[in-house]
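Undergrad: Order-wise, the sequence lines are chains A and B.
Following this note's numbering, the numbering of the first sequence begins with 831 at its first residue and continues without gaps.
Following this note's numbering, the numbering of the second sequence begins with 10 at its first residue and continues without gaps.
Since the hints were derived computationally from the structure, they do not count as laboratory data.
Heads up, a few of these hints could be off.
The calculated lysine-lysine pairs, modelled on DSS-like cross-linking and capped at a C-alpha distance of 25 Å, are [as the list claims (entries may be wrong)]:
1. B:Lys-54 x A:Lys-900
2. A:Lys-1288 x A:Lys-1268
3. A:Lys-900 x B:Lys-62
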Amino acid sequence: MRRILAGIETEYGLLVEGHGAEVQVDDSMALVRDYPGECFLHWDYGFESPRADLRGFRLDRLAQDPEDAKYDAGRSYGEARDLHSNRILPNGARFYNDHGHPEYATPECWSIFELANHDCAGQLVVRRAAHTMQERIGRLVKIYKNNTDFHGASYGTHEGYLVPRSVGFERLFQGLLPMMAVRQVLVGSGSLGAADGRSKGFQLSQRADFISEAANAETLYRRPIFNTRDEPHAESGEWIRLHVICGDANMISNATARKVGLMKLAIALCEINQSPVWRLKDPVRAFQAISQDQAYEFRVELEGRSWTTAGEILESYFSAAELLLDLDQELRWVIDSSRQLLTDLRSNFDRFRREVDWAAKRTMLDEFVESEGTTWKDPSLRSFDLEYHNVDPDEGLHAALVQMEEVAPEPEVADLLACLEGVNESTRAFARGLAISKFKDYLTSVCWRTLTFSENGKSIEVDLPPDADYPPQLAEASDVGTFINMLRGIR
Amino acid sequence: MTDGDRLTRPLTREPDKKLGDESGPNVPNIRKPEGGNELLRRMKKVDPDQAKKYRQRSGQ
């Protein structure tokens, strides 16, 4: 099967002692600027098209959360670029502020495990910036890798997948929507209560309450399961970037890899027009019902007065993939480990919770309720939910579970540090990273698809094809001219 | 095409569920983690109102 390039962008929660959400954009920009590591600053926004829709039209404007808009009343931020701090790193990643949130966009990866490591290394980047900011301003700065503030605000963890445009919207929508709705059973991060602060029991998904439509191009409000934003970050006639916004931020690294692997299975089946056929009666309701199902049956209503379960939908993808795809070792792992987890959910929850964030969090809260003789109405439980996502290894509750070996281990720190130095794969991120570490003085701007150099007074833009292999010999280029010529030869 | 319909069943009335039930889930049986000192130690240090105070800008 075709290998699928993927990346993850995580918007982090930011809490600065004594500061409110009204200054969060300023705090977020300041935090990014406090990142102390090697980086390049100039991002090229020329290829961005957030209002373009895969269905062939363009929105006049993107909807904004009216509650959130109140924070900006009376303020003028000027151009979009004035709202952003950018730090492009020697591994090809982009660390920036997306409005009020520090965001780490990983380098593009072929491997799901490499991607999970880079996603985890992003926590290190944000922590470093937070530490510097804290020292500078003399206030506590906390960072959370989650997707809700429990007061009605959500922020995303988005996945991007390189997909041939020829597959087409309709096939992708029909083939991927069921997977998007059900994978939360294995990769949801868990959330206590509803998005607006009301009690709703314990949910599997942090995003379910914020999803209101099956498909649209919005990301800030009226969020969909299937996001139709058409921003390919590559030759637009050939590629789309499938922009998946309905997933959660994972603390357990294996869950990150599984989350991406499940989507890759579904995309690969779509590409050969062999997706399992499921017609969900009401996809949004299905997504939310699975998230809220206290009995863990995960029933899904289908068109035609029938029903199935999330487990059976997942299994239909696994069996189709085994039958029809030439699976590599990683996707074999995705299927085998997911099947095992679906069995463990019923028969061995202790094993299940080691690999699944919602179950690890659920167990942690249950243990507290039991040991302290409190109830599920105890407001401190929601604070524990939040602190599960605190990325400080000395404070975070997920980090405590790792230390106690109650959940799957995280990547070694040495591996994460290596992730910040560069990439191990032959992706275009390798070339981007080299440009920054070796030829930064000649660079004028960078984006996902191009590098722009200035040499002898001339501006030279080099396109980075997303599906090409970038050879290790690039690292041996002794001057920028040789580097540019080598890049131009890559197809 | 793979026929997902083979895996479906007639729709019957769903068992009554109590969404918003405050008692937490009743299945599965969750085992209390052993050696929970570090976790409990950190939980005791958490400000119980931390989530109440946590307000964020809406993002993507």
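Undergrad: Against each hint, give a clear statement of whether it holds in the structure.
TA: Each hint, compared with the structure:
Proximity of Lys-54 of chain B to Lys-900 of chain A is assessed by CA-CA distance (about 34 Å); at most 25 Å being required, the pair is judged violated. Of the supplied pair hints, the one linking Lys-1288 of chain A and Lys-1268 of chain A holds, its CA atoms being roughly 19 Å apart against a limit of 25 Å. Among the hinted pairs, Lys-900 of chain A with Lys-62 of chain B is consistent with the structure: their alpha-carbon atoms are about 18 Å apart, no more than 25 Å.
Of the hints listed earlier, the one the structure fails to meet is number 1.
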